[in-house]
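> Chain by chain, the residues:
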Amino acid sequence: MTFINGLKCRECGREYPKRAIAGCEECFAPLEVDYDYDAVSRVLSRKVISARPNNVWRYRELLPLDREPAVGLTSGGTPLIRAERLGRELGIRDLYIKNDSVNSPTLSFKDRVTAVAINKALEFGLSAVGCASTGNLANSVAANAVSAGLPAYILIPDNLEPNKIIATSIYGARLIAVRGNYDDVNRLCTDLAERHPWGFVNVNLRSFYGEGSKTFGHEIAEQLGWRAPAAIVVPMAGGSLITKIHKGLKELEQLGLLEEEVRTRLFGAQAAGCNPITSAVRRGSTEIKPVKPATIAKSLAIGNPADGYHAARLIAKTQGWAEDASDQEIAAGIRLLAETEGIFAETAGGVTIAVTKKLIEQGRINADDLTVIAITGNGLKTPEAAGLSEPIVIEPKIAQFERVVLGLAATF
Amino acid sequence: MSITLTIPTALRKITRDADVVEAEPGTVREIIASLDESFQGFRSRICEDEDKLRRFINIYVDGEDIRFLDNLSTRVRDGAELAIVLAIAGG
Numbered sequence: 001m002t003f004i005n006g007l008k009c010r011e012c013g014r015e016y017p018k019r020a021i022a023g024c025e026e027c028f029a030p031l032e033v034d035y036d037y038d039a040v041s042r043v044l045s046r047k048v049i050s051a052r053p054n055n056v057w058r059y060r061e062l063l064p065l066d067r068e069p070a071v072g073l074t075s076g077g078t079p080l081i082r083a084e085r086l087g088r089e090l091g092i093r094d095l096y097i098k099n100d101s102v103n104s105p106t107l108s109f110k111d112r113v114t115a116v117a118i119n120k121a122l123e124f125g126l127s128a129v130g131c132a133s134t135g136n137l138a139n140s141v142a143a144n145a146v147s148a149g150l151p152a153y154i155l156i157p158d159n160l161e162p163n164k165i166i167a168t169s170i171y172g173a174r175l176i177a178v179r180g181n182y183d184d185v186n187r188l189c190t191d192l193a194e195r196h197p198w199g200f201v202n203v204n205l206r207s208f209y210g211e212g213s214k215t216f217g218h219e220i221a222e223q224l225g226w227r228a229p230a231a232i233v234v235p236m237a238g239g240s241l242i243t244k245i246h247k248g249l250k251e252l253e254q255l256g257l258l259e260e261e262v263r264t265r266l267f268g269a270q271a272a273g274c275n276p277i278t279s280a281v282r283r284g285s286t287e288i289k290p291v292k293p294a295t296i297a298k299s300l301a302i303g304n305p306a307d308g309y310h311a312a313r314l315i316a317k318t319q320g321w322a323e324d325a326s327d328q329e330i331a332a333g334i335r336l337l338a339e340t341e342g343i344f345a346e347t348a349g350g351v352t353i354a355v356t357k358k359l360i361e362q363g364r365i366n367a368d369d370l371t372v373i374a375i376t377g378n379g380l381k382t383p384e385a386a387g388l389s390e391p392i393v394i395e396p397k398i399a400q401f402e403r404v405v406l407g408l409a410a411t412f
Numbered sequence: 001m002s003i004t005l006t007i008p009t010a011l012r013k014i015t016r017d018a019d020v021v022e023a024e025p026g027t028v029r030e031i032i033a034s035l036d037e038s039f040q041g042f043r044s045r046i047c048e049d050e051d052k053l054r055r056f057i058n059i060y061v062d063g064e065d066i067r068f069l070d071n072l073s074t075r076v077r078d079g080a081e082l083a084i085v086l087a088i089a090g091g
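Respectively, the protein sequence lines represent chains U and A.
Just so we're aligned: the first sequence equals residues 1 to 412 in the numbering used here.
Just so we're aligned: the second sequence equals residues 1 to 91 in the numbering used here.
Rather than coming from a laboratory, the hints here were simulated on the basis of the structure.
For every residue, glycine included, the Cβ atom is placed at its ideal position computed from N, Cα and C.
Please note that the accuracy of each hint is not assured.
Stated by the list, open to error - Just a sample of chain A residues kept apart from chain U, beta carbon distances all over 12 Å, derived:
#1 36
#2 39
#3 79
What the hints assert, rightly or not - Chain A regions said to be covered by chain U (calculated; three or more residues, Cβ under 8 Å):
#4 4 to 17
#5 57 to 67
Modelling step: build the complete structure from the supplied sequences, incorporating the hints.
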C-alpha cells in the first residue's frame with residue numbers, strides 16, 4: 001500500500017507524478033514527497049511502530065516507497081546515548097548523542113537516505129545507480145548497490161581521505177575521482193544524469209533520498225519517550241539533514257504521536273573553512289553566497305549547498321543559530337567526544353561537538369535545555385584528522401612499563 | 001567564433017529542444033538578453049528579475065560559478081563555454 005500522492009514543488013507548489021526527477025521544471029526548486037497523512041494516521045500508532053524491528057522501516061508509512069523494501073533492511077535504529085560526561089565538560093545537564101557512527105551497513109547517516117534511494121531505483125526499474133559524494137554517501141551507495149544487484153557509478157572529489165576511497169572501491173563500484181571540489185563533481189553528475197537513464201541518488205532521486213533522513217528525527221523523538229528535544233545540533237553540508245530532522249519531528253506531531261508540540265530550536269554546525277550556511281544565518285539572511293572549501297571536514301565541504309536556503313530559513317524560524325569550527329577545534333572536538341563518551345566520530349562529528357561547545361558558551365543553548373547532538377559518521381573513516389601522537393614504545397619488560405608508563409623508579 | 005551555452009533538460013522546451021545554443025560574446029546579462037530574443041521567455045525562466053538569477057539556477061563560465069566572478073556582469077570572452085546547471089543536493 002502506498003501513502004504517497006506524488007511530488008510537489010517546495011516553492012511554487014507545482015505537482016508531479018512519482019518519477020526520477022531532479023527538481024521543479026518551472027522554478028527549479030527541490031521537490032517534496034506529498035504524503036496522504038490522513039491515511040497514514042489511520043494505520044500508524046505508537047503501538048504499531050513499537051512492535052516493529054529497530055530500523056528505518058519502523059516508520060515505513062512516512063518513507064516514499066510503493067513496495068516492500070528489498071535492500072537497506074538493517075539501516076537506522078542507532079543508539080541515543082545520555083552523554084553525562086560530555087555534558088559536564090560542556091556545562092549542560094541534559095545532553096544526548098544520536099550516534100549514527102554505528103549505522104549499518106556503512107557507518108554513517110547516509111545509510112538512511114541510501115536505503116530509500118536504492119529501493120526507489122529498483123521500483124523505477126533503473127539500470128544503474130550513482131552519486132556525487134564527499135565520501136559517506138559513496139560508501140553507502142556502493143554497498144547498497146551490491147545488495148540490489150545494480151552497477152554503481154560513484155563520483156568523488158580527487159582529494160578524499162584514503163579510507164573513504166577504500167570503503168567505496170571494496171564493493172566493486174566504479175569509483176571515479178574528479179579533479180576539483182565537490183561542487184565540480186556535483187556539476188558533472190548533474191550533466192551525467194541528463195544524458196544517462198541512471199538513478200543518481202542525490203540528483204534525480206533526490207526527493208526520495210532526502211526522506212530517509214527524517215528517520216533520524218523520528219528515532220530521536222521515539223527514544224526520548226515520544227518527545228522532541230529543546231535543541232538539536234546538526235552538521236551541515238548541503239543543508240538537507242537539518243531540515244529533514246525537523247520535518248520528521250513535525251510529522252510525528254501532526255500524526256498526534258508526541259506528548260507535546262515540537263518547539264525544537266535547530267542549530268547548524270559547519271567548518272570555518274566552508275561555512276556558507278552559517279554565514280548566511282549570521283547575516284540574518286537566507287541568501288547563500290557560495291565559498292571555495294578549505295577544511296579538514298571534507299564530508300561537509302560543499303561550497304554551494306543546494307538546501308542552504310531552506311536550512312537557513314528553518315534555523316531562523318525555530319529561533320536557532322549556526323556556528324563554525326576551525327580545523328584545530330574540529331580535531332579537539334573529535335578527541336573530546338572520544339575521551340568523554342567512547343565514541344569515535346569522523347570530522348563532521350568534531351565540527352558538531354566544537355560548535356555545541358560554542359553555542360553553550362554563547363548562551364544560545366542553556367544549561368537546562370534537553371539537547372541532542374547529531375553524530376553522523378564514524379571516525380575510522382578519517383583517522384588522520386584526530387591529530388593523535390604515536391604510542392609509547394617499550395621493551396617487553398615490567399621494569400620498562402613501570403618506569404616509562406607509570407613513571408616509577410626501577411625497583412630492581 | 002561565438003560562445004556556447006549548455007541548456008539543461010528542464011529548459012529545452014524554451015530552446016526548441018536544443019541542448020547547446022550559441023551566442024555572441026558580451027556580459028552574461030547581455031547573453032541572456034540576446035537569447036531571450038531568440039527564445040521567447042528564456043530570461044523569465046532563469047531570472048527572478050532583470051538583475052537576479054532564480055535561487056536554484058547556477059551559471060558557470062568555463063567551469064567557474066559566476067558568483068565567484070562578477071555575477072551577471074561577468075564578461076564572457078569569445079570561445080568560452082557557458083553552462084546553466086540546476087543546484088543539487090549534498091552527499
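> A separate judgement is required for each hint: does it hold in the structure or not?
Taking the hints in turn, this is what the structure says about them:
| no. | hint | result |
| --- | --- | --- |
| 1 | 36 | holds (17 Å) |
| 2 | 39 | holds (16 Å) |
| 3 | 79 | holds (20 Å) |
| 4 | 4 to 17 | holds (count 4) |
| 5 | 57 to 67 | holds (count 6) |
Checked against the numbered hints given earlier, this structure breaks none of them.
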